[in-house]
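Here the protein sequences come in this chain order: A and B.
Position 289 of the first sequence, counted from 1, bears residue number 289 in full-length UniProt numbering, the numbering being contiguous throughout.
Position 259 of the second sequence, counted from 1, bears residue number 259 in full-length UniProt numbering, the numbering being contiguous throughout.
Read the hints as simulated data drawn from the structure, not as lab findings.
Derived lysine to aspartate or glutamate pairs resembling EDC-like cross-links, with alpha carbons at most 20 Å apart:
(1) A:K137 / A:D123
(2) B:K258 / B:E327
(3) A:K220 / B:D30
(4) A:K258 / A:E299
(5) B:K220 / A:E42
(6) B:K71 / B:E299
(7) B:K34 / B:E61
(8) B:K255 / B:E327
(9) A:K329 / A:E299
(10) A:K220 / B:D416
(11) A:K220 / A:D123
(12) A:K388 / A:E259
(13) B:K71 / B:E259
(14) A:K137 / A:E227
(15) A:K149 / B:D416
(16) B:K294 / B:E259
(17) A:K446 / A:E327
(18) B:K220 / A:D416
(19) A:K220 / B:D419
(20) B:K294 / B:D30
(21) A:K446 / A:D361
(22) A:K71 / A:E299
(23) A:K388 / A:D443
(24) B:K220 / A:D419
(25) B:K329 / B:E299
(26) B:K172 / B:D123
(27) B:K149 / A:D416
(28) B:K446 / B:E327
(29) B:K149 / B:D123
(30) A:K220 / B:E37
(31) A:K220 / B:E42
(32) B:K220 / A:E37
(33) A:K297 / A:D70
2 protein chains.
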Amino acid sequence: MKLWLTTIIAATSFAISGSATANQLELNNDLAYKLVESLTVEVGPRLAGSEADARAVAWAEQKFNQLGFDKVWTEPFTMQYWERGNASLRVEAPFNQALVLTALGGSIGTPFDGISSQVVMFDNLQQLQQADPANVKDKIVFINQALRKDIRGSFYGQVVGARAQGAVEAAKLGAKAIIIRSVGTSNNRFAHTGIMRYSEDVPRIPAAAISVPDAQQLSKMLAIHPETSLSLNMKNNLPGEVTSHNVIAEITGSKRPKEIVLISAHIDSWDEGTGALDDGAGVGLVMATAALLKQHKPERTIRVVLFGNEEGGLIGARAYAARHAAELKNHVFASESDFGAGRIWRFDTGFGEQALAFGSDLQQQLKYLGIEAGTNTASGGPDVSVLKAMGVPVASLQQDGTDYFDFHHTPNDTLDKIDPAALQQNLQAWLIMTRIIANSNVDLRK
Amino acid sequence: MKLWLTTIIAATSFAISGSATANQLELNNDLAYKLVESLTVEVGPRLAGSEADARAVAWAEQKFNQLGFDKVWTEPFTMQYWERGNASLRVEAPFNQALVLTALGGSIGTPFDGISSQVVMFDNLQQLQQADPANVKDKIVFINQALRKDIRGSFYGQVVGARAQGAVEAAKLGAKAIIIRSVGTSNNRFAHTGIMRYSEDVPRIPAAAISVPDAQQLSKMLAIHPETSLSLNMKNNLPGEVTSHNVIAEITGSKRPKEIVLISAHIDSWDEGTGALDDGAGVGLVMATAALLKQHKPERTIRVVLFGNEEGGLIGARAYAARHAAELKNHVFASESDFGAGRIWRFDTGFGEQALAFGSDLQQQLKYLGIEAGTNTASGGPDVSVLKAMGVPVASLQQDGTDYFDFHHTPNDTLDKIDPAALQQNLQAWLIMTRIIANSNVDLRK
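Input sequences plus hints: build the corresponding full structure.
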């Protein structure tokens with residue numbers, strides 16, 4: 001730990017030595033990268049509710065204190081814990097071979113000896129919903145829908161329904177289990193996990209994802225031998241309720257300390273990668289942004305929130321919103337970084353009409369970083385969308401997500417996938433946006 | 001199977017309908033791709049000596065017969081069987097997390113409860129060999145040597161020694177186990193397997209590889225906390241001697257049937273990928289080459305050999321050489337395709353001086369495919385190098401191997417990694433080379 005601390009202090013000292021302008025804040029400062037490196041190397045994967053999640057929370061508290069934040073605290077919330085066990089999937093005769101799979105988050109396991117059954121393929125969730133139950137009953141459902149790439153990740157919402165709702169729809173028709181083609185854009189042989197849901201009135205069946213090459217392989221087998229059967233075995237644990245934490249830290253405002261500018265990321269990650277892109281990069285960015293702005297004595301309070309259990313369904317964000325409901329009127333702004341570490345290319349707002357000119361001026365300050373003007377329909381980020389729904393003004397520094405779903409929710413989400421130069425561009429944008437908003441007195445609220 | 005057979009017949013009929021010239025043989029024929037697709041989908045991974053290896057041998061015999069070869073047979077050989085079991089590697093406190101590893105082929109397992117020990121890192125095998133035994137005794141050795149990319153895979157030979165000999169060198173100094181950085185060029189989080197060796201006079205210790213990102217992760221941990229310890233558990237099986245097979249098929253020569261032009265690949269693969277690049281592509285190419293040349297009534301006999309257990313150390317090739325020792329004087333030429341499916345860029349020979357002009361003419365026939373003239377130091381390919389050592393003339397159609405070690409010996413070696421256009425260029429070159437040699441009467445021997 002000692003080495004890390006020395007590095008941070010050196011980086012911070014360097015930062016302070018420059019006389020930063022709004023347009024060239026901390027140009028050579030690598031604090032964001034150092035933070036995500038420390039989190040991914042020293043903590044690693046940090047599944048919400050796990051022992052590693054608790055270490056991540058302790059890591060964040062320690063770093064906030066080392067970085068000189070004025071207040072640092074944690075807020076507990078309860079959550080249902082889910083833990084991955086061993087999993088295997090084999091094609092049975094005549095093409096006997098193993099396929100690469102991962103349990104979806106929240107899925108039950110199979111019976112001890114697994115499930116062996118014929119597989120039935122659908123192109124998408126809608127096709128499954130319209131299927132004849134006679135073709136699905138007692139089978140393993142396979143949804144083979146590809147995800148297309150684009151800068152905004154626009155197609156994710158169209159495809160992820162199979163992951164979230166597939167088990168319920170398949171179980172309604174009597175299926176024994178469901179496997180989906182990974183909601184991912186890479187042909188590397190990694191399966192993508194992610195949260196799935198059950199419904200109270202439908203039997204729970206096991207749900208898993210297979211990698212893109214394995215989905216192609218299985219569909220080729222089915223073209224040759226439509227009666228292909230699979231043998232699935234998963235041993236997940238759902239031990240019940242546990243406590244996790246949001247981690248919060250503030251740089252107190254020098255003039256209007258009660259007005260809160262909230263910048264955020266999520267501290268939890270899925271359990272197979274080290275969560276560098278999702279969401280270590282965001283953690284590093286917002287911690288570094290506030291830490292580096294301290295020297296500039298922001299007028300409003302900058303509050304950094306590292307939400308817990310985003311992956312399980314914004315559980316920490318909902319707990320935050322409930323606990324701070326009365327205080328939300330003092331939240332003058334909120335934003336989250338949670339779409340990897342690609343360069344920021346667009347600035348979207350969710351402001352009142354009276355603040356659009358301010359938003360436009362702010363975008364002009366970001367323009368030299370290659371950041372375009374966007375829309376006024378920003379969500380602010382997954383966790384922050386909960387606050388937006390309760391009236392908090394938001395903005396989104398939109399990252400280039402073209403390659404995000406190559407790595408997202410796979411074992412391959414590791415530090416080496418972050419381009420330090422792109423992260424540095426992100427940090428510049430976060431510094432500029434946060435500083436300008438923290439020093440303004442414009443009411444952004446709709 | 002029926003669908004496949006129809007496809008092959010259709011492809012072959014198409015081929016026969018054209019009047020092929022030496023330079024434009026079967027330009028649109030996808031037989032090589034169809035064969036590697038069938039092998040990888042219908043058989044999949046085929047570790048030498050396994051049940052899947054036996055299915056691969058049966059697959060090859062059936063395909064050779066369907067393709068109309070004049071003779072088809074198998075030749076048994078015995079081999080030591082090795083089988084992968086479950087494996088796990090964890091970093092212990094303070095950075096507790098799992099690393100991605102794979103057992104090296106031939107490695108023993110750990111004791112049932114695994115091995116927990118401090119790790120000691122070396123930059124390469126030479127540095128380990130020079131280490132003070134006091135720094136190695138009772139530790140887990142970690143060799144962290146990177147593999148560089150180039151078109152020829154030139155650096156593989158420099159790095160693979162750590163995989164092959166590392167366990168012996170580490171055990172000499174009293175290490176409990178060895179892990180190496182994967183001998184691979186991708187930062188995807190796959191560990192690369194491959195054969196390793198023990199020595200009779202040195203204790204056997206477990207040997208595994210970790211992925212490139214995991215090697216980077218571990219070295220960062222060691223920089224912070226040099227006393228980092230690991231917990232390794234592997235359950236491999238070494239049940240003893242089993243029988244596997246070389247598969248052989250011939251198109252009988254129309255004028256000089258006793259003169260054998262041998263073209264080859266290996267039928268076995270590692271157990272984690274489907275062996276599309278290593279060596280399904282080679283299997284498809286040489287089977288298709290001979291099948292498509294049948295219509296041209298080659299003057300010499302074209303013998304296709306699909307060697308067994310190349311991965312275990314050219315075991316099938318050595319068995320072939322021993323069994324056919326008396327007949328090798330009739331082997332007028334041998335070559336193997338076993339370096340993936342990249343475009344062929346160079347033609348190397350291993351001919352006698354009197355045949356160099358012939359080799360040069362042959363290269364001129366390949367030039368329109370972008371194939372340069374090479375050296376006269378060709379090995380002919382891994383298996384064929386055994387025949388070269390016994391005097392058989394060889395040549396190598398050198399493939400672009402720039403990306404080969406991104407996939408080689410990993411779970412990610414799957415059909416989608418083959419570019420059909422590049423495979424088609426390979427097929428053209430193999431057709432031209434094989435046809436010209438089969439119709440020549442030049443003595444290629446040194």
